[in-house]
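Chemist: Chains as they are written, first to last, in our numbering: chain A, 1 to 378; chain B, 1001 to 1262.
One or more hints might be untrue.
[Stated by the list, open to error] Computed from the model, here is a short list of chain A residues facing chain B with C-beta under 8 Å:
(1) Leu180
(2) Asp181
(3) Ser334
(4) Gly336
(5) Arg344
(6) Trp365
(7) Arg366
These aren't lab readings, by the way, just hints derived from the structure by calculation. Since the model is a prediction, treat every value here as computed from it, not as a measurement. Even for Gly, the Cβ is constructed at its ideal location relative to N, Cα and C.
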Amino acid sequence: MVASPLARSAQTSPTAAAWQSLVGAPLPSRRQEEWRFSDPAGFSQLEPRLWSGPEPWVDLVLPAGVKRLDAGAAQPQIAAVLEQAHCHEHWPVRLNAAAQGALLPLRVSAEASELVLDLDAADCGEVLAVQVLLLLEPGAQLDLTLRLRATGRSLSSVVIAASLQAGSRLNLAAVAAGHLDASVLAHLAVVQDPTSSLQLTTAAAGWGFSRLEPRIVQRGGGAATRLRALQWVHDDQLADTHSLVRFEGPDGSLDQVHKSVADGNGRSVFNGAVQVPRAAQRTDAAQLSRSLLLSDRARIDTKPELEIVADDVKCAHGATVSQLQSEELFYLRSRGIAEDQAARLLLAGYCDEVLAELPAAAAGWRPLLEQLHREASS
Amino acid sequence: MIRSDAPVLLEIRGLKASVEDQPILHGVDLTIRAGEIHAVMGRNGSGKSTLSKVLAGHPAYTVTDGAVLYRGEDLLGLEPEQRARIGLFLGFQYPVEIPGVSNLEFLRVATNARRAELGHDELDTFAFEDLVRERLAVVQMDPAFLERSVNEGFSGGEKKRNEILQMALLEPLVAILDETDSGLDIDALRIVAGGVNQLASPDNATLLITHYQRLLDLITPDHVHVMAAGRILRSGGPELALELERTGYEWVDQELAVAGVS
């Protein structure tokens, strides 16, 4: 494919050169398959200046059963998780490392109470990077909620690397309320041992550019993975989720539902890879992508990407793209409910399947609710 | 109950309507007074479901001629939600499933929209729960259905009970029940028909749309109309429904042939 003059000039602009120099690798390009729908111009026009504000989470109070590790011990562990999740070479991960942001390495050794992490990039005009390491020892349990917010020009770079040992359970929720001038690049890498259990629930709205990459590896199979995601785009926003779930042993399970809503000129991308190699016999995996198109200018790209080599498996997948159902609208209107209120009820109902699974600290978080409400009523 | 001095609630005059440029109704005339129960019978494709959708304001149907007056005022210029608020109710043949929208919340929003029109106070969650639990008795419905999403995973009978529950809450003046008997076993049919009978009063009217006599064994109509080829072919009393049950619809074809309509 011949690069357009525009793309070439973006690659060679002083800003692009500065990004390349910071990260040690050229900016992603739409010529790369995994960035085909996500034009990096969405975030790369920001000068790559690093966060100059106070370090987040310095005064964090940790619940019983959770200990902070020292940074020196944490770095090799993070690298190991990212390598096992086959994303250590990804550009957003390299950016995250280069930005040398806040590091929060945690070891969870018991059934801990909920931990909430707030992160606010505001309109800093900078790159705010955070790294979180979660080591869950056998039988440990943690509910972790990340609430990410931006109110103007900024780039948030998030890497969460988690290792779940046997019998442990991680309930990870990430909610993100953005701004048309704000971008977020997030990798959520989780390596699961057999009999561990992961629930990952994400909801994002309002970002000019968001790229979310959940990377789950069941390294011996036999674990349970449940993924729920909602992304909402409006105006000229782009939300891209590239997920990977890989089973490296038998008897693993996956239950994945990805929902998106695209309005205005918004563009929503979902690429859901599920890898079931020969060793992963008796895998039970289900992936569903459901998209709602609210405008004739909006665009949805959704692609399941199943690589199944094992022969004794159950792997279901489905993808639907629809509009607000006119029969549902008429039914509500025929009961005296005004058309705009009926549409809001239907949209809330559509999102509820994901939002209902968020823990209270995420579900009741005002910035996200306000974003969803604003977009539903515009 | 027929009282010739009862106020006219709904007056349909020469109503013609089409869907996707296909004419379906070819001039329907019907007058419904307070206290009356009407039944419109006819085969599939006769236009009887179209009539109900047009009256409720379904956007897929276009009225091409005629008029509908509701308590003497034009109905056809109103949005569907406005028709519902002033007291017109359509019980759906196929009630729509709406995942993620709680049945209780849906019922409360709908009830409050009607109450606002009547100048009554809005009911908060608690006051509404009291009301809805009382009205559940009309259709012997399990309160567990309030907690579920609207009609989602309901059986055919449960969906129809939910329709009559909505009718009990909205207290319409004109209730149009489209094939409410379809898909019901005899027990469910009895419960649903019992609900309709309980809600009928001298102040309101019911229009039953049905294929079969079996519903009319349980709800006795004052007037029966036979619909064919988009118009009302014959009107009579309850005996007309019994005659249809006995003789079938073949005479309808003969009358249509005589009238030059195929």
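Chemist: For each hint, tell me whether it holds in the structure or not.
Modeler: Hints, verified against the model:
1. Leu180: violated, 27 Å
2. Asp181: Aspartate 181 of chain A check fails; min Cβ-Cβ to chain B is 31 Å, beyond 8 Å.
3. Ser334: Since chain B brings a Cβ to about 5 Å from serine 334 of chain A, closer than 8 Å, the hint holds.
4. Gly336: Cβ of glycine 336 of chain A sits 4 Å from chain B, so the hint holds.
5. Arg344: Status violated, d = 10 Å.
6. Trp365: Hint violated; tryptophan 365 of chain A Cβ to chain B Cβ min 19 Å, cut 8 Å.
7. Arg366: violated, 21 Å
Hint compliance for this structure: hints 1, 2, 5, 6, 7 are broken, all remaining hints hold.
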